[in-house]
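Participant: Keeping their order, the protein sequence lines are chains C and Z. Per this note's numbering, residue 1 is the first one in the first sequence, and the count goes up by one each step. Per this note's numbering, residue 1 is the first one in the second sequence, and the count goes up by one each step.
If you are wondering where the hints come from, they were derived from the structure by calculation, not from laboratory data. From a predicted model like this one, the values you see are computed outputs, not experimental measurements. Mixed in with the good hints there might be a few duds.
Reference listing, derived: stretches of chain Z covered by chain C, where coverage requires no fewer than 3 residues with Cβ under 8 angstroms from a Cβ of chain C [unchecked claim]:
1) 18-27
2) 31-38
3) 53-63
4) 150-158
5) 165-176
Okay, the calculated bits of chain C under chain Z, using three or more residues with CB under 8 angstroms as the criterion [said to hold, decoys possible]:
6) 26-37
7) 67-77
Every residue, glycine too, gets a C-beta built ideally from N, C-alpha and C.
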Amino acid sequence: VSTCRLPLPPLLDYWFGELTPTESAEIEEHLFGCNLCTDWLTWVTAVDSGVERTVRGGRVPLLLTRALIERLERDGVRIRHYRVLAGGSVQCTAGPEDDLVAMWLMGEFYTGERVDLVFVGAPAALPERRDDIPVDHARGEVVFVERGDVIRQLPPHVAAIRLVGVGEAGERPIGEYTLHHMPWPG
Amino acid sequence: MDEVDDGKLVQQIARAAPGEAKEAETELVRRFAPRIRLYGLRHLRDETTTQDLTQEVLATTLEAARAGRIREPERLASFVLGTCRMLVWDQRRGARRQGRLLATFGEGLAPDPAAGPALDAARLADCLAQLAERERVVVVLTFYADRSGDEIARELAMSPGHVRVVRHRALVRLRNCLGASA
Numbered sequence: 001v002s003t004c005r006l007p008l009p010p011l012l013d014y015w016f017g018e019l020t021p022t023e024s025a026e027i028e029e030h031l032f033g034c035n036l037c038t039d040w041l042t043w044v045t046a047v048d049s050g051v052e053r054t055v056r057g058g059r060v061p062l063l064l065t066r067a068l069i070e071r072l073e074r075d076g077v078r079i080r081h082y083r084v085l086a087g088g089s090v091q092c093t094a095g096p097e098d099d100l101v102a103m104w105l106m107g108e109f110y111t112g113e114r115v116d117l118v119f120v121g122a123p124a125a126l127p128e129r130r131d132d133i134p135v136d137h138a139r140g141e142v143v144f145v146e147r148g149d150v151i152r153q154l155p156p157h158v159a160a161i162r163l164v165g166v167g168e169a170g171e172r173p174i175g176e177y178t179l180h181h182m183p184w185p186g
Numbered sequence: 001m002d003e004v005d006d007g008k009l010v011q012q013i014a015r016a017a018p019g020e021a022k023e024a025e026t027e028l029v030r031r032f033a034p035r036i037r038l039y040g041l042r043h044l045r046d047e048t049t050t051q052d053l054t055q056e057v058l059a060t061t062l063e064a065a066r067a068g069r070i071r072e073p074e075r076l077a078s079f080v081l082g083t084c085r086m087l088v089w090d091q092r093r094g095a096r097r098q099g100r101l102l103a104t105f106g107e108g109l110a111p112d113p114a115a116g117p118a119l120d121a122a123r124l125a126d127c128l129a130q131l132a133e134r135e136r137v138v139v140v141l142t143f144y145a146d147r148s149g150d151e152i153a154r155e156l157a158m159s160p161g162h163v164r165v166v167r168h169r170a171l172v173r174l175r176n177c178l179g180a181s182a
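Excised from the complex, chain C in its bound form (with noise of 0.2 angstroms):
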């Protein structure tokens, strides 16, 4: 779109239904003689159903929300689901028809505190740290998935995760969470 008159937001916003119905008109006009919008929207739609097609095949490692795990569940992912207290510890493994693995993770946050999880002495294969991510502040709980077949690479190990509260004052914990993963029996 660099070479065309309008700039991106906008097209954006009137893909996802968000401008006013006469915006929406000028931004049609526009893009029925547009070759570089018309590419682009193109390009979302792929994304679109990409998109789809790579969640639910559990191919994405994901920090989700409580209904976009059980949109996943509704479209047959299946799931293994651990939950765990602040300071607490679980057993965890993923099974041969696991596609993701979820640990529910509960807490105390505050609301306009950014949340980032920490890994502690886990295997390379999972991430050392992931920033800003969702909290359901209502619950009181985060929701980490990885892939099965990710996790059942995993030996056995016991790892942490570590919750941290960013704010303006710093950095706080806010839970530490135990796990002791076995590869499955068998």
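Chain C is already provided as a structure; the job is to place chain Z on it using the hints.
Facilitator: Relative to the frame of chain C, chain Z by itself:
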């Protein structure tokens, strides 16, 4: 044909005997099918119905071009857009004339409008994994869960404006990661 402007394209079709300006008609279809598809997806949110709309708009446009009924050939894009609007409006009212037009022009004239570009799944997964957490969740909520910006804002305790900024940034990063040609 690529360099022929819309007006000349319409004139070539109008001057020829019906169905004889095959190259010009094919170019018209090539040029406008993707735009009609986008219009359909945006308003109908359904690939199958959009495919029907695309064929119907193209057939209507070709019929008008052959009959010399496009009064301002250089404004072909506006004619096609107007036809899209009218047919979507008609469709919502339940009126159909698709059968007659498709019988005249044939479904083979239009390229398969449902066949949008496909992205490499492994590459897309890799590029999604490279996004920041918030960007990735916004992308997934948008495309997988079909959430609006306002719904995402409520779900993630963000402002709707911030959701739009994050979504826009994420899509630009994805496009750069996947390559514009992907």
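Participant: It remains to establish, for every hint, whether it holds in the given structure.
Facilitator: Tested hints:
no.	hint	verdict
1	18-27	violated (count 0)
2	31-38	holds (count 5)
3	53-63	violated (count 0)
4	150-158	holds (count 3)
5	165-176	holds (count 6)
6	26-37	holds (count 5)
7	67-77	holds (count 3)
In this structure, the hints that do not hold are numbers 1, 3, in rising order.
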